[in-house]
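Just so you know, the sequences run in chain order A and B.
Per the numbering used here, residue 24 is the first one in the first sequence, and the count goes up by one each step.
Per the numbering used here, residue 8 is the first one in the second sequence, and the count goes up by one each step.
Please keep in mind that the hints were generated in silico from the structure rather than gathered at the bench.
The beta-carbon is built from N, C-alpha and C at its ideal position, and this holds for glycine as well.
Do not take every clue at face value.
[Claimed, not checked] Chain B is nowhere near these chain A residues, computed Cβ spacing over 10 Å in every case:
#1 E50
#2 R52
#3 L55
#4 P58
#5 L61
#6 R62
#7 I63
#8 P64
#9 A65
#10 Y74
#11 Y86
#12 E91
#13 I102
#14 V111
#15 R126
#16 E130
[Unchecked claim] Taking lysine to aspartate or glutamate and the DMTMM-like style, the derived pairs with C-alpha atoms no more than 25 Å apart in a straight line are:
#17 K43/A with E151/B
#18 K70/A with E47/B
#19 K68/A with E47/B
#20 K150/B with E117/B
#21 K99/A with E47/B
#22 K70/A with D169/B
#23 K99/A with E50/B
#24 K99/A with E50/A
#25 K220/B with E84/A
#26 K220/B with E87/A
#27 K43/A with E120/B
#28 K150/B with E84/A
#29 K220/B with D53/A
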Amino acid sequence: MRIAASVCFFLMLCSGAWAKTPVFELEIRDHLFHPDELRIPANTKVKLIVYNRDSTPEEFESYELNREKVIMGGRKANIFIGPLAPGVYPFFGEFNPNTAQGRVIVE
Amino acid sequence: MRLNFRRLAPVLTGICLAACSAQLTADGTAVDKVYHPYVEPLEWELEWRMIHENENPISGESRRQLHRVGFGRAVSEFVFAEFYLIGEQSAENDFELEAYEFEILWQMSEQGEYLLDYGLLFELEKEDGVDVWEYSTALLLEKEFGRYSATANIGLQYEWGDDIVDELESSLALQVRYRQSPRFEPALELYMGQDTLGIGPAFLGAERLGIMKALRWQLGVIFGLDSDTSDYTLRAVLEYEF
Chain A
24 MRIAASVCFF LMLCSGAWAK TPVFELEIRD HLFHPDELRI PANTKVKLIV
74 YNRDSTPEEF ESYELNREKV IMGGRKANIF IGPLAPGVYP FFGEFNPNTA
124 QGRVIVE
Chain B
8 MRLNFRRLAP VLTGICLAAC SAQLTADGTA VDKVYHPYVE PLEWELEWRM
58 IHENENPISG ESRRQLHRVG FGRAVSEFVF AEFYLIGEQS AENDFELEAY
108 EFEILWQMSE QGEYLLDYGL LFELEKEDGV DVWEYSTALL LEKEFGRYSA
158 TANIGLQYEW GDDIVDELES SLALQVRYRQ SPRFEPALEL YMGQDTLGIG
208 PAFLGAERLG IMKALRWQLG VIFGLDSDTS DYTLRAVLEY EF
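Model the full structure from these sequences, guided by the hints.
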């Protein structure tokens, strides 16, 4: 029963209220990220809205951020990042890895 | 606080599954791969999975191997569907097709959006040549702690058919993974079921083969912690994503 109680407790927490999350925006245009450098606060969860202005899909990918998210052409996606320790976290576009590159600077 | 069905559904499912897990446990080996509550849109997948028990204390079979070959694809942004053929062999029995399975994985939250990432797994399995069916539902939970990721699969299974005694079972699989590098991630896994209580290390990795192409692998050895569980169970997974 302890397992059951613990799982229920965590599930209630995960479905409940949460603090206001700072929002940052990023665009994919001509297979490039704009801006290609994003500064976010340390130890804070942020919401990153990525707009794909191209007609083809792109994937925001970063092993360092532990995120992979496909954004279909002409659509947007929400990516939640952090809380993170100060540092530099690179990301790239899986469909255009040579051009679509950027980094998140946590400070 | 605003609540809607999308947030309430996993809570209610979790309460039901967790409550049942306290009372019921699954028979047969519960060692399998640990599922993560994420779907990658546009993805196709070809999978081979193997479970090898050195000796099953319940059935008495030795060197029992279970092989699954699966083919799946993301059918929407949040839903992945996969079909499996399942074969089995042991020292006493030759390899033969054992069952068919259809599986749906439903990602229910964006990664990192809530305190826990969550999803649901639905599986329907039919044994070949006999009237034995199994339906299972599992709640998939994941939480990131820096470079560590903790995952739980809380499952509830129902077996029925003319050739089996109808039965309700449950299972629990836990994994703590260290994201050391894309090619190598060590993990510790725990599996619980009616005839399974085991713990052991696993190693995971991925090799990028091109745009939207990758080969993922997993290898683990689970040591039995009670007399009903095989002394050791090897598990392996190869997934080609494209």
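Right, here's what the structure says about each hint:
1. Against chain B, the non-interface label of E50/A holds: every CB pair exceeds 10 Å, the least being about 19 Å.
2. Non-interface status of R52/A relative to chain B is upheld: no Cβ of that chain comes within 10 Å, the nearest being about 19 Å off.
3. Every CB of chain B lies more than 10 Å from the CB of L55/A, the least distance being 16 Å, so the non-interface label holds.
4. No beta-carbon of chain B is positioned within 10 Å of the beta-carbon of P58/A; the least distance is around 21 Å.
5. Taking the minimum C-beta to C-beta distance to chain B, about 16 Å, the non-interface status of L61/A holds against the 10 Å cut.
6. For R62/A, the condition that its CB be more than 10 Å from all CB atoms of chain B holds, with the nearest at approximately 19 Å.
7. For I63/A, the condition that its CB be more than 10 Å from all CB atoms of chain B holds, with the nearest at approximately 13 Å.
8. Against chain B, the non-interface label of P64/A holds: every CB pair exceeds 10 Å, the least being about 15 Å.
9. Interface exclusion of A65/A from chain B stands, the closest Cβ pair being 13 Å apart, more than 10 Å.
10. Consistency note on Y74/A: stated as away from chain B, and its beta-carbon is indeed over 10 Å from all of that chain's, at 16 Å minimum.
11. A cut-off of 10 Å between C-beta atoms contradicts the statement that Y86/A is not in contact with chain B; the least separation is 5 Å.
12. Look at E91/A: its CB is around 6 Å from the nearest CB on chain B, not clear of 10 Å, so calling it non-interface is violated.
13. Against chain B, the non-interface label of I102/A is violated: not every CB pair exceeds 10 Å, the least being about 7 Å.
14. Every CB of chain B lies more than 10 Å from the CB of V111/A, the least distance being 15 Å, so the non-interface label holds.
15. For R126/A, the condition that its CB be more than 10 Å from all CB atoms of chain B holds, with the nearest at approximately 17 Å.
16. The Cβ of E130/A sits about 18 Å from the closest Cβ of chain B, beyond the 10 Å cut-off, so the non-interface label holds.
17. The hinted pair formed by K43/A and E151/B meets the criterion: a straight-line CA distance of about 20 Å does not exceed 25 Å.
18. With a C-alpha separation of about 19 Å, the suggested pairing of K70/A with E47/B holds against the 25 Å cut-off.
19. With a C-alpha separation of about 22 Å, the suggested pairing of K68/A with E47/B holds against the 25 Å cut-off.
20. Annotation: proposed proximity of K150/B to E117/B holds, straight-line Cα distance about 12 Å (limit 25 Å).
21. With a CA separation close to 15 Å, the supplied pair K99/A and E47/B stays within the 25 Å bound.
22. At most 25 Å may separate the alpha-carbon atoms for a hinted pair to count; K70/A and D169/B exceed this at roughly 52 Å.
23. Restraint check: the Cα-Cα separation between K99/A and E50/B comes to about 19 Å, which is no more than 25 Å; the hinted pair holds.
24. For the hint pairing K99/A with E50/A, the CA-to-CA distance comes to about 9 Å; that is within 25 Å, so the pair holds.
25. Distance restraint check for K220/B and E84/A: the Cα-Cα separation of roughly 14 Å lies within the 25 Å cut-off, and the hinted pair is therefore satisfied.
26. Using a Cα cut-off of 25 Å, the hinted pair K220/B and E87/A holds, with the two alpha carbons roughly 19 Å apart.
27. With a CA separation close to 12 Å, the supplied pair K43/A and E120/B stays within the 25 Å bound.
28. Under the criterion of a C-alpha separation no larger than 25 Å, the hint pairing K150/B with E84/A is consistent with the structure, at around 19 Å.
29. Taken as a hint, the K220/B and D53/A pair is honoured in the structure, with Cα atoms around 22 Å apart against an allowance of 25 Å.
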